[in-house]
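Asks: Given the structure of chain A, go ahead and fit chain B onto it with the hints provided.
Line by line, the protein sequences are chains A and B.
Numbering-wise (the numbering used here), the first sequence opens with residue 1 and increments by one.
Numbering-wise (the numbering used here), the second sequence opens with residue 1 and increments by one.
Calculated directly from the structure, the hints in this document are not laboratory data.
Where is the CB? At the ideal position from N, CA and C, for every residue including glycine.
Some hints could be false.
[Claimed, not checked] One-sided excerpt, in silico: chain A residues whose CB lies under 7 Å from chain B: (1) T277; (2) G331; (3) G333.
Protein chains: 2
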Amino acid sequence: MSPTVGVIGGGQLARMMVPPAVELGLGIAVLAESEGSSASIAATAVGDYRDAETVLEFARGVDVITFDHEHVPQDVLRALLAAGVAVHPGPDALLYAQDKLLMRERLSDLGLPVPEWARVTDPAELDAFLAGHGGRGVVKTPRGGYDGKGVRVVSAASDVSDWFVAGESLLVEELVEFRRELSQVLARRPSGEIALWPVVESIQRDGVCAEVIAPAPGSAGRIADVAADVATSIAENLGVTGVLAVELFETTDDRVLVNELAMRPHNSGHWSIDGSTTSQFEQHLRAVLDLPLGATGCRDPWSVMVNVFGGLAPERVPLALADQPAVKVHGYGKEPRPGRKAGHVTAGGEELEDVVFRARAAAAFFED
Amino acid sequence: MSPTVGVIGGGQLARMMVPPAVELGLGIAVLAESEGSSASIAATAVGDYRDAETVLEFARGVDVITFDHEHVPQDVLRALLAAGVAVHPGPDALLYAQDKLLMRERLSDLGLPVPEWARVTDPAELDAFLAGHGGRGVVKTPRGGYDGKGVRVVSAASDVSDWFVAGESLLVEELVEFRRELSQVLARRPSGEIALWPVVESIQRDGVCAEVIAPAPGSAGRIADVAADVATSIAENLGVTGVLAVELFETTDDRVLVNELAMRPHNSGHWSIDGSTTSQFEQHLRAVLDLPLGATGCRDPWSVMVNVFGGLAPERVPLALADQPAVKVHGYGKEPRPGRKAGHVTAGGEELEDVVFRARAAAAFFED
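Chain A extracted, bound-state conformation (with noise of 0.2 Å):
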């Protein structure tokens, strides 16, 4: 029998690696939230991820426990290992993308170039770092933070006085001065083989992925060299197995900046599904099953893609396909919600600005 992969969670993620399973030939079977998730199609069981009896029972069966987001509490996660359960990415290596706090203290302790930063545990400490550091930060909780939220811009302590708790600190740091943000996405098998995909470009709104140009303009060389040093340090000293996404900072005075890590598929590898002769979806796959890793070259100069959110409401998904029939349209099968990632669009070409244009053109037709 094939092996079959355990996705915990129902989402979007979840959801796009189940192409890649049907294709393969593998198994692949979903702890949901609830019923109708996004990746209902292949969802065995629906659940509680924090309850470590609901979790082990569906990890019976399937061969590996991976997941749809970083949000299975670590004591779960250690019973199934003391289950004798697979799981990738593993407890150790998981904790350091759910809490950024610890996160921060690894990568300085390894040496790895990040924004200056502190833990805070009162309003004067953090009052402190921000007169070191301008008179600005950026307040992080070390957890439970996705998309822009537990995320603060802060000129004063009393900015974040709703977020000190007695006995909890906060993250922050230095407000960075950066030209763009990067993202270099990579998978590693528990074996140790890594392959990584060309670093893009990812452009924010609002704290929120937008759109990711892969890969990122003007990169070749020094930028690409370090953004593939630095993750690939992070994944083998982190002992990452997956995908590993890091968002980096790309300053103003030229310095490449570690900003956040996401240890499973990301927004911005999403391009790599129709860009990429492997999706960073079937490679998470492989390096979970501890398969072979396939190759990451892009399948065109440029990719682009852009995020559809609200919805993907039916009577446009013809207008934007017969606007654009080389253009990937992507849907997540969600009810519509103001906000909410429903989908994306990828276009693939040779010359940037015509490829730029298709993605956005197509998008545009999804926007309320």
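Replies: For chain B alone, coordinates are given in the frame of chain A:
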């Protein structure tokens, strides 16, 4: 809500419709013959496709009915239409993929290039045809044949004495002297739009497709034009909706003759999953939903698909993936059985010899 495509039949063609349905955000449901089918991930019902009540019940939950195979009886198809169900391809078109005698008659009436043929109802008629065609011919049962079954090369009526049944006809055709076999695949929407992939070369072994080269070497120009014209004429005159594959002979005297028709995604189009901007499976879904068709350009100068027979032994998959990291491996999730189509591999690139080598190298790992 996004529309849902209902597929009758749970084989690998239904299975390969699942990835593009998931990617486009469409619903997909499959009426499978049995549990554990190749398309089981999308199977919402298991039952007999020859039973109108079973099929009507399945159709209640979907927006259009289409097919994994051409064996659904006409009376079942017409019961669907009578109940107001959209069926693509419809029974009036599908008839010509179900009955090779009717197909030959119709294509002859349309003046399309076909081998010389005759309807024969007894051994004397068959022997008379053979006598007029060099003493040899190809006899086909009009219905139920596939992958070389129901096809026999004969030099005397006694070679098919077991096939003659009182009151039933056989089809006999001249034994065409051909240089190679070609296949022209296209898709047509109910509203008339047609999109064609380039004509491909199909290499058969023992009457079964073994390899496909896309595009067919040396086909640019007259061969491509004739193949496209013939297939377009068939699609329009027969009212085909969805994917149509027209298998062709390129004769030693430079004619192009129609061999067989299939009104569904076809083995000769599998290369398009990895090798074209729009795969035949995505295009089939678009076409049967009457959505605008996608671009059909080639992603590589050459794509080569090689079928895998028997099975994809799990212990050999890592060997193939490690040896050929840029070759796409497709498994159909079937139990191994000698001679069974179990999967395929596709390679792409700029040098045909190299692409052929890599595709064959990957497939060779699965040979017994």
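Asks: Each hint should be assessed against the structure and marked as holding or not.
Replies: Checked hints:
1. Restraint check, A/T277 versus chain B: the minimum CB separation of about 5 Å is within 7 Å; hint holds.
2. About 2 Å separates the beta-carbon of A/G331 from the nearest beta-carbon of chain B, less than 7 Å, and the hint is met.
3. For A/G333, the interface hint holds, the least distance from its beta-carbon to any beta-carbon of chain B being 5 Å, beneath 7 Å.
Taken one by one, the earlier hints all hold for this structure without exception.
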